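J.: Reassemble the complex: the two chains are provided individually, in unrelated frames, and hints are given to aid placement.
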Amino acid sequence: MEKLDLTLNINHKPFDVRISPNDTLLEVLRDHLDLTGSKESCGEGVCGSCTVQLDGKPVRSCLTLALEAEGAIIRTVEGLADGDTLSPLQESFVNHGAVQCGFCTPGMLMTADALLKENPDPDEDTIRKALSGNICRCTGYAKIVEAVAHTAHPQDQCPDCASGIKSCCKAKE
Amino acid sequence: MTQYNIIGTRMPRVDSRAKVMGKAKFTADLKLPHMLVGKIKRSPYAHARIISIDASKALALPGVRSVVTGKDTEGVKWGVFAYTRDQQFLQTDKARYIGDEVAAVAAVDEDTAQKALDLIDVTYEELPAVYDPMAAMASETELIHAEYPNNINIHVNIDTGNVDENFAKAHYIREDTFTAPEESYFQAEPYAVVARFDSDDCLEVWCPNGGPHMKSKPLSNSFKIPLHKVKIRRIAIGGAFGGRSEICPADYICALLAKKTGCPVKIEFTREENTIGTRQGHSMITTHKTGVDKEGRVLARETTCYMDGGAYSSTGPIATSVPFLSMEQAYRMGSVRYNGFRVYTNKPIRGMIRTHGRGFACGLDTQLDMIAEHLGIDPVEMRLRNSRQPGEYTSTRSLVGSCAMDETIRKAAEKAGWTEKWGKLPPFHGIGIGTNSVQTGFPMGIRGGSQSFIKFNEDGEATVMSGVVDNGQGNENMLVQIAAEELGLLPEDIHLVNADTETTSSDPGSYSQVSTFVGGQAVKNAAANCKAKLFDVASKILKVPADTLAAKNRMIFVQDDPEKCVPLKKVVRVALTNFISVNAEGGYWPKVDMKREWVSNPYGQMCEAFSFGTTIIEVKVDPETGQVTVLNCVACQDVGKALNPLVLEGQFEGSVAMGGQGGMLTEYHEWRDGRCLNPTMLDYKLPLACDMPPIHNIIVESIEPKGPYGAKEAAMSIAMSAAQAYAAAVSNAIGVYMDSFPVTPDKILAAIKKKK
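As they're listed, the protein sequences go chains E and W. Using the numbering used here, the letters of the first sequence map in sequence onto residues 1 to 173. Using the numbering used here, the letters of the second sequence map in sequence onto residues 1001 to 1756.
Everything labelled a hint here was simulated from the structure, so no lab data went into it. All the pointers check out, no bait thrown in.
Once the Cα atoms are required to be at most 25 Å apart in a straight line, the calculated DSS-like pairs of lysine-lysine come out as:
{"id": "1", "chain 1": "W", "residue 1": "Lys1031", "chain 2": "W", "residue 2": "Lys1259"}
{"id": "2", "chain 1": "W", "residue 1": "Lys1260", "chain 2": "W", "residue 2": "Lys1217"}
{"id": "3", "chain 1": "W", "residue 1": "Lys1031", "chain 2": "E", "residue 2": "Lys3"}
{"id": "4", "chain 1": "W", "residue 1": "Lys1260", "chain 2": "W", "residue 2": "Lys1115"}
{"id": "5", "chain 1": "W", "residue 1": "Lys1217", "chain 2": "W", "residue 2": "Lys1595"}
{"id": "6", "chain 1": "W", "residue 1": "Lys1031", "chain 2": "E", "residue 2": "Lys13"}
{"id": "7", "chain 1": "W", "residue 1": "Lys1564", "chain 2": "W", "residue 2": "Lys1552"}
{"id": "8", "chain 1": "W", "residue 1": "Lys1094", "chain 2": "W", "residue 2": "Lys1077"}
{"id": "9", "chain 1": "W", "residue 1": "Lys1023", "chain 2": "E", "residue 2": "Lys117"}
{"id": "10", "chain 1": "E", "residue 1": "Lys57", "chain 2": "E", "residue 2": "Lys117"}
{"id": "11", "chain 1": "W", "residue 1": "Lys1025", "chain 2": "E", "residue 2": "Lys13"}
{"id": "12", "chain 1": "W", "residue 1": "Lys1685", "chain 2": "W", "residue 2": "Lys1747"}
{"id": "13", "chain 1": "W", "residue 1": "Lys1115", "chain 2": "E", "residue 2": "Lys3"}
{"id": "14", "chain 1": "W", "residue 1": "Lys1094", "chain 2": "W", "residue 2": "Lys1224"}
{"id": "15", "chain 1": "E", "residue 1": "Lys129", "chain 2": "W", "residue 2": "Lys1620"}
{"id": "16", "chain 1": "W", "residue 1": "Lys1057", "chain 2": "W", "residue 2": "Lys1071"}
{"id": "17", "chain 1": "W", "residue 1": "Lys1115", "chain 2": "W", "residue 2": "Lys1071"}
{"id": "18", "chain 1": "W", "residue 1": "Lys1569", "chain 2": "W", "residue 2": "Lys1533"}
{"id": "19", "chain 1": "E", "residue 1": "Lys13", "chain 2": "W", "residue 2": "Lys1023"}
{"id": "20", "chain 1": "W", "residue 1": "Lys1023", "chain 2": "E", "residue 2": "Lys57"}
{"id": "21", "chain 1": "E", "residue 1": "Lys129", "chain 2": "W", "residue 2": "Lys1685"}
{"id": "22", "chain 1": "W", "residue 1": "Lys1543", "chain 2": "W", "residue 2": "Lys1564"}
Treat the numbers as computed from the prediction; the structure is a model and nothing was measured.
In isolation and in its complexed conformation, chain W is listed as follows (with noise of 0.2 Å):
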């Protein structure tokens, strides 16, 4: 096994100093001269007309710097694919949702602005409304957008074929219908963006985000003014979960508000407006019809998914796909139909999440288990009998290379005990396991690849540039601890210039968990160019043929004979004074069917990498309340190789909150005609330190051979099959299989009594 310096150390992370002394800026700190207070006016109604708009009123306020409207724009309408462009960042026509914007204003304070809102008069035309997906299909009132019929967004269609030929050759087929409504992302910081032209009218703009180049790309759009001119900068960011992935209303309408002041504007969102006005979790209603053989293999399976979109297209094809692909590549489906529907309703706009579709995923390893049950088969068993190998195709023809799933399902029953407890624990104890796999990036055309520069100071220090960005699971850390392993540098060495759109090169962000696969790669390979230049200087000191050589803590140093060596900073001065280059590039584009497309092609390889992931929960359940107590958590994952294994394991622990203890137990949206009823952290109950179970870490190493030093991603896998395995817990231990999620006190007594 290959013996690394700084990979795969336990290395506290480079940016948690300026955490934990209160230094590190996030948006909502910035301050910058003359800088104006932006708010934004949303419509009270889930579905209405504009009529008129007047800011008069407005505009008469002291204070009140602009007022501007859909009519101050240049009518570009946003959609992350080109056949879904049907966003304007502020609404000109009519209104879609109870939140969407409508106007907003640029004051010299909070105060002015929060007055000149209530000042804009708007006269709306209500319009019927549609608040679920079912009602919206078959709804004959004006449609929410004129051309899509039925309101129906997105249709993904995949079909393998044979699939009802092999249900005729089933054993034992069952259909279940499965729910789960919306659910948040509830990052720590609300949404901020600081905007301001500069003197050469660049825009120059700061805000939480997924990928700074997924920010400038539709800002340019917008303004019609070249990719060049906007910068996007890198700035502390409160945490994403797939919710800051895509350019926010807010974005455009600051840049618009300090376009038209001529100064710096700062939009700070409520908690409410957090909830609203950027993204949320579809709500799903996912119908799984399987059909085994004798040994619970299964033979054939049709999926149907009906997702409430919310008002606008958002990520709608890849969230329309990515339940589904998560199950299709942790288990081999035999032959597969899958008609997954994204609706439009009058509701806020559902994005990318976390856990990608939860009552998708809950519903097919809850089916599982029944199946199991039928056939008296035990549930570590049955996933072992359909878990994903390695060498396979998906059923959708990705080719999957590492796959460590079984080990995962084995290492996680013995550490949970599953052999000493499944079906020997008393009354209302309950133990339950879930399996997923997640992709390591799928086609993202044009900005697929990652590019790194790196140049070398003459102090023998390193800058690396990558436009990977840090939402928050410590990217930057694992930029320079490859930049550091590979330059045979210490990691305070390295000084990191990421995630700004005017310094770095096109990259795809940090979502579809490729920022390690394809950005830290990219830094692998800039890095390595680099070595090799330096190789070429220091072979000349050292009078050695360069392949000879190696780098280590400061030194490079002949492998076979470390004593004879060099300091890296006199390579590198010596290469100045001679007039060499030591500086270089690099880059990584995984190699993917660019074929591929979400709706028109759903098939052909998805990309290089697939994590898989087991957690098995244990649960006792109060029958008197409803109320669950989670008492031990194993989460195994197979992330190809654990870089940092400090960092990985906050991923695991961090995603069982997420995706199990909040995403299956008290995390969910309640609504009223289209209002959402608990947007704000008092009544949307998340996880507290008192909730959170002991948690196993089990890191499974498969070594993905087209992965940096053999890493796919972390913990995504993690966060999906805990919602799993806290579902299959509980209704282990009620003993009825829930098919409402997440499992609240209310659902599991009516389960009981029902029972009864």
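Next up, chain E with everything else stripped away, as it sits in the complex (with noise of 0.2 Å):
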């Protein structure tokens, strides 16, 4: 099959890369990118653990061709954090233990951070809702609900809150 040459702004950095037009966005930042995070649990659009951003909307990158996130603002789980220091939503996600094996954590942070950017302010139902594309064969979703309400809002009753970053989660000097 005829490759193509294309742009890829992701993360806010231009990659050039040679695909073939049936890649999909998932393979190019898995396979040609070395972007990792992104994870296929599924490869058929339903477990969203392949969740990545384009343009702020939470997309499957399993189903989304190469080719038709030309020219649109990619964001993956490797650009949530400033360098070393986390995201709101990831301090959230660590110190509410959202986490357990990890695999689909990376879809659900795509997709919950792309929730709380168009609603700061979601309540626990929204938040199931809109979580319910990403699933979580670990937690039960409990804990990760918790998570993204708690982001925006701290609660002082929260033994998880309260403390902000735990030691433990510092990166080290």
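T.: Here you go:
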């Protein structure tokens, strides 16, 4: 198949890639650019593990052709933190125990981040509905929902909000 | 009560930072120079003799580096036990299920590998196949394995004696049969393996695993190379739930392709392969016959269970026993006779899964509710009258130490408002209770213990080596917490090297809920030995006896005079300067009855501790659609000691999702002629965020004297009891005792219709 050259804008950096027209965005991210934070779990758009943002909207990168992403601002899990400083959402996931095996985490974060950008004050029902395209097999979702809810509104009575970044999570000097 | 610095805190997990940044590497994320893509050719027939395999066309395809078949192997058969070695990793004589491995290819890229698979020409002679255990036992066609008459793979018989005598004394007896089909793990991470042979001819492997040492031994056997030449590496693992406890044929096949090509090879399973080609949960047909006295106390029980084991033995003897064991631990049974039959069929292989025998457990609990109703006893009271008590022996003669079963029942009932709700809810609104118990380990022979080694670096930080693997449940964090607590360091001072067979000692792996109890305890003992050495040095510096010292927050100090102290780092440096080692090892071997064996002698001390859990569920059923809405969940477990409540709560909540919400409402496989019709996430219904009820966690601490800091295990008895509670709540809501699980809308509607 004829190869195509294109430039993708990923996490505010341009990447030149040579791809096949049928390469998915997920394949290009993982195989061409070694951005392996986005995961393939079901490969058919059901589980949400491969979720990235295109112009701020969460999309399944396993169902999106790389070609379709040309010209869009692509954001992946690798673009959430500012250097070593976690985003408030990432920090909240860590502090609330929302991460177990961690395989669904990148997709979950990208969906939740898009939700919070669109609606900074979602109620629990809204969060659960927004996350219902992301399957987690480990957590039963309770801590994930809590982490998202408490990102915008840290709760005084929540034992996991109070202390901010806890000692173990600070980047080592 | 002992005060701890790090144990018992809600410390966020040490591995979560890398995971939220997308930096944690899972097997499929690995790239090695010159790495090839491996793919497996699987049988399209459920039962067929392999007549010939012609790989010439595949080998001629540009980009194909190697094709392997059973003829390229040493012919070694795998089995968890010496008496269950029935599975070749590449079949030579016949295929026994749709998906059995018959050949494999390594090529430069995925497209080429896929094309090559289609070019491998396998000639089969189709054989009659059997798809359910009852038909398989009665079948007169060719046996699935010639050496197993009636296709019976495993028969576990447990008999305490006096069963018939006690049935004769019973006030009320009933016998009921319960069924449940297969379920799957659906780990988020599809199975993947990377293998290479290094310059010293050592095999290096990365793959999801429930215990690296359980991978290295079969690979050493299969390649006929010494164990030290098999290096299973630590890698992030995207869930296991019992499904990654054993060697996977793909591990061997990947290594064989790497050997043949001289290049690293990666095999990534598709979602379908992960469902079909790894393991599944057994389907079961269980008959419980129970006799009780007037007060509802069980005097005698006879249980017969037929389990569809699929094509090979896998963990057969264990899987045939654990459903029974969980229940004999949870409840006193009087006299009991158990016959468990695991039967070969031409279906995918069944192994260990988080909810051991959902049909078995839900059936037993449902029958208790039936008996309770007959006798006019409240289900909570019924359970309290039959619940396990501390200091008792189980039917198979294991002494139960710490046991707060009654406390979990009472606390869960109180939180759920049982007294106010039972019998008083409106129509199609129900509440149900389930209780269960799981073992913390079982006799595992040579691999039953764990050993740890700790070395100090000159900056006062410690490197902890342990064979314990983390499948996602937080085992790595558990080890770090224990090491930091014991050494008087902070979690960030601990560098963990784990789950690597080259550098870490033997360990049982993360199954049978043993990681904290055995692996954690090994680290605790190693750290205690380090601390003793540190205190010897510190006592000379501080000029006080060593036994007056304590360690905390990187300081060693005099317990009664904390101002008198020395930084731990300084003690390490003084030791190094004086040529004194402060490094140490430590191990833990559980005191179990090593003569206990699953089939030949299923009696004796099983493990050192048991956990006990109770779940209560409240539901509303729509009588028009059969849809179940779960209104509330209370999950309560005696965990011994909560080392980290944050992690523990997550385990409880995940257990409710898998055991209850998925396991009892939506998850099951459908089949046609041995072919699984729903192997993907699109058509196998996993619980979503919008499905889950509010979950109230209650942690009960019985402080197990033999466990590290009193800990036992986390949440397995929630996964099991949740399944039972979901079933009971639906039965209560519709006024019909369900005997077929999971309780799907079609079954609920049929039950409502039949009742009318």
